[in-house]
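Peer 1: Using the sequences provided together with the hints, build the complete structure.
The listed protein sequences derive, respectively, from chains U and F. Reading the first sequence from the start, the letters are residues 2 to 474 in my numbering. Reading the second sequence from the start, the letters are residues 22 to 329 in my numbering.
The set of hints was computed from the structure by calculation and includes no laboratory data.
Capping the alpha-carbon separation at 20 Å, the derived lysine to any residue pairs in SDA-like fashion look like this:
#1 LYS137(F) x LEU126(U)
#2 LYS45(F) x ILE459(U)
#3 LYS448(U) x LEU25(F)
#4 LYS27(U) x ALA200(U)
#5 LYS166(F) x ILE48(U)
#6 LYS141(F) x THR254(F)
#7 LYS448(U) x ALA200(U)
#8 LYS45(F) x GLU180(F)
#9 LYS448(U) x ILE27(F)
#10 LYS141(F) x VAL267(F)
#11 LYS141(F) x THR264(F)
#12 LYS285(U) x ASP301(U)
#13 LYS45(F) x TYR457(U)
#14 LYS166(F) x ALA96(U)
#15 LYS285(U) x LEU351(U)
#16 LYS166(F) x PHE98(U)
#17 LYS45(F) x LEU462(U)
#18 LYS166(F) x ALA127(U)
#19 LYS45(F) x MET189(F)
#20 LYS166(F) x LEU126(U)
#21 LYS166(F) x TRP46(U)
#22 LYS448(U) x GLY427(U)
#23 LYS448(U) x LEU423(U)
#24 LYS45(F) x SER465(U)
#25 LYS166(F) x LEU128(U)
#26 LYS285(U) x LEU323(U)
#27 LYS285(U) x ARG297(U)
#28 LYS166(F) x GLY53(U)
#29 LYS285(U) x ARG311(U)
#30 LYS45(F) x ALA181(F)
#31 LYS45(F) x VAL460(U)
#32 LYS448(U) x LEU26(F)
#33 LYS27(U) x ARG192(U)
So you can see what is in the structure, the chains are spelled out below.
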Amino acid sequence: MNFVSWSFVALFAFVFLARLTIGRRKIEPAYVAVLVVASAVFYAWHIPAYLGILVFSSTVDYIAALWLDRLPATALTARRVVLAASLGTNLGLLAFFKYSNFFLQAARDVFGPAATAALPPEFLLALPMGISFYTFQSMSYTIDVYRGVLAPIRQIVPFFLFISFFPQLVAGPIVRAVEFLPQMPRPRRLRLPVFYQGAWLIISGFFLKMVCADNLAVYVDEHWARGSAQDTTSGFALWLALMFSGQIFADFAGYSSIARGTAYLLGYHLPDNFNAPYIAASFKNFWERWHITLSRWLRDYLYVPLGGNRRGPLRTYVNLLLVMLLGGLWHGAAYTYIAWGALHGGALALERLLGFHHDRGWRGHMAVRGTWSLVVQAVVLTAWVFFRSRSVEEAGLFTANILSMDDWSLGRMEQVGLLFLLPIAGLHAFTWFCERGMVGEPGGTMKALLAAGMVYGIVTLYTSTADFIYFQF
Amino acid sequence: MLGLLIAATAALWAARPGLGGRVKNITRAERPSDDYYLAHDHGGHVDHHVLYFGTDPTALEALRRADVLLLGNSRLMFAARPRVLDGFFEDRGLRYYVMGFGFREGDRFPLDIIEKFDLKPRLVIVNTDGFFQNEYSDFARSVMKHSAFSAWQFRTEAEAGHEFRRAMHLLVPNWIDLFGRPGFGWSRELVIYRSRTNGAWQLSPWEPGTTPVSGRNLAEPRLAPREIEAARTFKAALDRRGTSLVLTYVPTPRPLGGGPELFAQVLNVPLVAAHPAGLLSEDGDHLDESSAIAWSEAFVRQLRHVLP
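Peer 2: See the structure below:
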């Protein structure tokens with residue numbers, strides 16, 4: 002189910018009514034049951050049969066965690082087998098739905114006609130919505146139980162709620178069990194400040210999605226192919242890249258904001274997922290601001306187990322590259338995503354090599370930091386070109402058009418399109434000033450005025466809505 | 022604050038000369054009759070879903086009973102006018118269905134529908150403009166991954182959104198729909214209904230055009246091998262069903278490719294190339310209503326000579 006739909010409005014109204022009546026303390030079993038059923042409806046709304054995949058993978062993890070808890074810490078082999086079975090199930094489902102066509106095509110490319118005849122044709126299967134998100138969430142639970150940092154949950158209904166909680170089910174934030182499970186037995190009444198904060202998050206999320214992202218998408222979808230055309234000017238190609246960088250931010254940050262707002266109104270706190278990533282002064286800082294919950298996941302469940310930065314500089318660079326390559330693949334099975342991950346991984350490694358991941362000594366000088374920030378944002382922008390393009394070749398031509406620096410002039414269409422980037426630029430500027438203590442958080446009245454302005458913007462500037470970009474991941 | 026903003030807009034809307042006179046399409050849109058269902062508006066484009074999943078039993082039945090199918094992109098859908106076609110086909114005891122699609126749809130998607138519902142029309146008429154590609158549009162690809170259940174959802178969402186927007190925009194406009202988006206021909210709001218019985222689109226409202234649709238040399242110098250192969254594949258699929266093929270061409274200043282005369286030669290099928298003078302378009306792409314009627318009249322005048 003898409004947040005921008007009448008079905009979601011109806012579902013949320015029903016669940017919120019339950020919150021106001023049978024779930025006033027949030028922990029009432031009937032309310033928990035309503036949340037679980039609503040989450041199942043939310044998920045099944047996409048393709049009902051796929052609910053079975055969610056239930057199956059969750060059940061495997063639920064049983065695996067209980068089993069791990071029973072096994073003594075000394076039974077290392079048995080514990081590893083149970084963990085491997087759980088991770089294998091999750092990753093196997095992910096691999097089948099997400100990567101089978103990619104690998105089949107790769108085999109055809111490598112082995113030619115012989116492979117084409119022997120291999121099955123392309124699977125025309127819809128990807129289960131949000132499979133990458135709930136799989137990672139579920140895996141973190143089993144891994145934490147295996148590591149002994151979390152006791153398994155014994156009741157299956159609350160466990161399903163953790164996995165399937167509908168505000169964050171299909172596109173995050175990726176919540177870890179240690180963050181979510183302790184909230185479940187904790188009563189939380191819905192008070193006015195909570196309502197205001199939830200409403201604020203929801204309104205700003207819908208504004209980002211329906212006004213910024215959807216309008217930017219109109220330009221990007223219509224003109225993206227022109228970015229790699231021979232006669233395209235640098236100005237136009239750069240404009241397109243900026244429009245997409247704005248679109249993907251507004252789309253994903255908008256989704257996360259709606260998710261956090263709805264969860265807040267329903268009694269749960271979800272972690273922040275975005276913090277003005279385009280003001281990041283380093284690649285490391287970018288990943289502390291962009292898709293924060295995925296970055297944390299990759300760090301804690303991949304980078305650190307690989308050795309992190311504890312095994313010398315060379316191994317650190319390799320680890321960074323590997324983690325980001327897998328991060329790229331997580332988004333989808335395409336060479337463009339791999340290139341996107343490689344660019345980020347390479348940049349993180351290079352930054353570490355040059356020592357720009359911190360701002361000690363001369364590297365902290367304002368001019369140096371400012372210059373490095375520009376480098377960071379230029380690479381981030383280039384990486385978005387790869388992310389959006391249909392092929393690495395197309396992305397290469399697109400980037401070459403920007404670098405040709407032939408003509409920076411923009412027409413009226415482009416200038417009008419830039420207006421939809423203004424709220425995003427404003428949000429980033431505000432965060433930049435806020436972090437430096439130059440302005441404070443807006444007060445209640447200011448937020449109310451801004452919220453009214455955003456609602457007005459939503460009803461007067463919305464355009465045909467597209468699915469959230471991250472639904473496909 | 023929100024109330025103030027809405028009240029201020031409503032007051033400006035009503036009082037300001039020039040602005041008050043402009044009325045939004047959505048508030049003016051009217052379903053021509055019960056025979057028409059909503060195919061497209063801001064709430065959603067459900068045109069592909071309805072026919073691909075057969076969610077409208079009346080439309081599906083009409084499609085199955087059609088003797089003649091007209092296929093092509095949105096330009097054909099604008100151009101094919103039932104007020105001309107109805108009488109022409111009725112006089113010959115034939116039932117027709119206009120089964121074109123927007124989103125620059127080519128040959129694969131309609132062919133899939135023909136095969137999926139085992140349609141056996143006696144004649145298929147194709148607007149060659151960008152048709153023979155052996156490809157689906159991106160939109161069609163996404164639709165095909167859906168199910169009948171999601172097709173129902175899309176349709177319900179679109180209908181709900183349509184009705185909500187009709188009420189909301191009596192108070193405040195959507196500024197983009199009202200003034201258009203620079204650089205986009207059809208950036209203004211487009212509300213399309215589709216006939217269940219003959220598949221024709223009806224825009225509501227449909228503004229008169231001002232851009233002349235210039236002539237075009239129908240005999241393009243050459244066709245791409247891929248286009249020829251796609252055309253042959255398409256014809257072979259029709260041959261297997263015992264269906265004849267006729268080609269046509271809807272004039273447009275921005276053709277998507279595909280020279281009608283060469284296709285007709287390559288496939289050895291008749292070509293009905295109607296191009297009456299004085300055609301106009303509002304967006305530079307599609308005919309306006311009076312031009313569409315003129316084209317349909319010229320089309321049937323020529324078609325009578327090639328009907329089997």
